[in-house]
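Put together the whole structure using the sequences plus the hints.
These protein sequence lines map, in sequence, to chains A and B. Just so you know, we're using this note's numbering here: the first sequence kicks off at 376 and counts up by one. Just so you know, we're using this note's numbering here: the second sequence kicks off at 376 and counts up by one.
Bear in mind the hints are in silico, worked out from the structure with no lab data behind them. Bear in mind the structure is a predicted one, so any value in this text is a computation, not a measurement. Any given hint could be a false lead.
Because identical chains share one entry, a pair is satisfied inside a single copy or across any pair of copies.
[Claimed, not checked] Capping the alpha-carbon separation at 25 Å, the derived lysine-lysine pairs in DSS-like fashion look like this:
hint : residue 1 : residue 2
1    : K635      : K451
2    : K652      : K400
3    : K379      : K652
4    : K589      : K652
5    : K400      : K379
6    : K635      : K464
7    : K652      : K464
8    : K400      : K451
Protein chains: 2
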Amino acid sequence: MAFKTILIIGSGLIGSSVARAARAKAGVETVWMADRSAVVIGTVDRLGIADGTVEGAAHHYASQADLVLLCVPPAKIAEVAADVLPVMKAGAVLSDVGSIKASVIEAVRPYLRDDVSVIPGHPIAGTEFSGPEAGFAELFENRWCVLTPIDADDPALPALTAFWEALGSRVAVMDAARHDTVLATTSHVPHLIAYTLVGTAVDMEQVTGDEVVKFSAGGFRDFTRIAASDPVMWRDVFLSNRDATLEVVDRFIEDLTALKRAIRWSDGETLLDHFAKTRDIRRRIVESGQDEPNFGRDD
Amino acid sequence: MAFKTILIIGSGLIGSSVARAARAKAGVETVWMADRSAVVIGTVDRLGIADGTVEGAAHHYASQADLVLLCVPPAKIAEVAADVLPVMKAGAVLSDVGSIKASVIEAVRPYLRDDVSVIPGHPIAGTEFSGPEAGFAELFENRWCVLTPIDADDPALPALTAFWEALGSRVAVMDAARHDTVLATTSHVPHLIAYTLVGTAVDMEQVTGDEVVKFSAGGFRDFTRIAASDPVMWRDVFLSNRDATLEVVDRFIEDLTALKRAIRWSDGETLLDHFAKTRDIRRRIVESGQDEPNFGRDD
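The following block contains the structure:
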C-alpha cells in the first residue's frame, strides 16, 4: 500500500470507519485522527482506533502523513483543506469524503501545490447513526466510491483507487461537474422533494387533521423517512451543489407540470406512456444488485 | 353478524382476501364470488374459498346477498354498481374497496334506491402481488379501512363497521371529499411525484449515463420502488381523483418553488426552518406504529 501513514481529519461515522478499515484491510501502518471536538477525540482515544489523536489543528500530523483525508462536514472541507495544504509533505495526497465536489474544488484551487496531489472523493455509504462509536470497518464494502481528480492524469490516482478498493469499495472516476449532476439526480433532489412533500402535507393537516399520519402507509411514509435526515447537512448540500440541484429541480417541475396538464385534461395515454417508461429503470436497479426485487410495493 | 350472505364481485387480491376472512373471522355463512375473467373464477374454484362462483354478471347472487362488495378496479366500480343495484334485495348493503370515493359516488347517484344502503369503503391494505392466489385472511389486520357513507346516518353503517372490525381493521368514517384529499396527500401525489422524478432521471441519463442506476442508493432507489406500481391502476386513480390531486400538486409545486428560490439566493435559514418542521411528522408516524424507528436513513 502506497500510504503507510494517514491522517483523518473529522472523526465521525465516516472518519472512524475509514480509520478502522485502513488498519484492518488496507495495510496502513499508522492512523492519526483529528477532530475539533474534545468529546469526539476522547471517544476515539477510548475506542483505541488511532495511533495518535489531536483536538483541533493537526499541522504536526499533516506534515508527516502520506494521505490526509478530510471527513468533516461539506461546508468545512475547503477551509480545512486550505489550512493543511501548506504544511503537507511533498508527494503526499489530500482527499475528502464530501458529497459535493465542484464547489469545493473551486474553493481549494488557490491553495493547490504542484507537489501535492489533491483528489477529491465521495464514498456513497452511510447509516442512520453518527459519531465515532457508530463507525465500522465494513461500511464501504460493495459501495461505490467516486473519485474526481482535478488533474485526470494525477499520478497518485492509482494509489487512492487501490486504497478505496482495499476498503471494499467499487471505485468510479469522473469529473466533478458530472459527479454533482449525477448526485443531484440520485440523491440531492430526491431529498429536496421528500422534504417539500412532507412540508406540504404538514400544511395540509389544517384540512386533514391527523389523518396524514394515520394513513401514511399509502406511500407518504417512505417520504417521511427520507425527510428525517439531518437538516443542517442537507442545507449545506443544496447550497453547495446549487447549480446542478436547480437544473434537476427545473426539469422535474417541467415534467410534473406536463403530467398535471394530462390529469387536468383527462389525457390517460400520456400518463400511461410516462408511467410505463419508469418501470425499466427499476428493473435495471434490481438487476444491478442495488436493491431487492419485490421489496415494498413493486409489481 | 348482520351479513349472512355476501357477494364479492372482483376476485383479485383484495376480493379473495375478503372472501377468506369473511368466513374465518366475520361469521359469514355463505360467500359468493364473481369475476369477469373465466381464468380467475377457475382459480377461485380450485382454491375453494367460495360457496358459489359465477363468471361475468352476478344478478342471481346479487338478488340474494345481504352485502355486495365491489372489488373491481376503480374505473369499473360505478359501472358494476349501476348494474347490480336494481336487482339487490331490500335492506341489503352495497359497498366497494376502491381508493377514490367522491367521483364514484357521483357516478352511482342516479341509481341509488331508498331501500338499499350504499356505503363506499376503502381498506388501506395491499401487497406487491395480485390475483386470487395472492389473497390471505390476515391482509386487513391492524390496517385502516375508511368508510364514506353517502348518508352519514345510514342505519347499516354500524353493521358494515362491525364487518371490517371483524376482519381485523380499524375503521374511520369520513365524508368522501375529505377521504379523497387525505389520500391525495398520503398516497396519490407521492406516487405521482415518484413517477415524475424517475421519469426526469431517465431523461437525465442522456447526461449521466447508467450512473443513475449505479448510484441509486442515495435516495433515488426508494422512488423507483414507488414508481414501479401498476401504471393502469394509477392512471385511473389520478383521473378519478383529479380535483384533490391537482390541489395537492399545486401546493407542492408552490412549496418546491419557494425552496428553489431559497437555494438560488443562498437563504440557508429558510431551508433549515423547513427541513426541521418535517421531522415532527416523522416522529408522530413512528409513535403511531405506522413505521419502524430508524429504518433506513433516519437520524
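A quick look at each hint next to the structure:
no.: 1; hint: K635 - K451; result: between (40 Å within a copy, 23 Å between copies)
no.: 2; hint: K652 - K400; result: neither (42 Å within a copy, 42 Å between copies)
no.: 3; hint: K379 - K652; result: neither (49 Å within a copy, 46 Å between copies)
no.: 4; hint: K589 - K652; result: between (32 Å within a copy, 18 Å between copies)
no.: 5; hint: K400 - K379; result: within (13 Å within a copy, 68 Å between copies)
no.: 6; hint: K635 - K464; result: neither (58 Å within a copy, 43 Å between copies)
no.: 7; hint: K652 - K464; result: neither (53 Å within a copy, 46 Å between copies)
no.: 8; hint: K400 - K451; result: neither (28 Å within a copy, 60 Å between copies)
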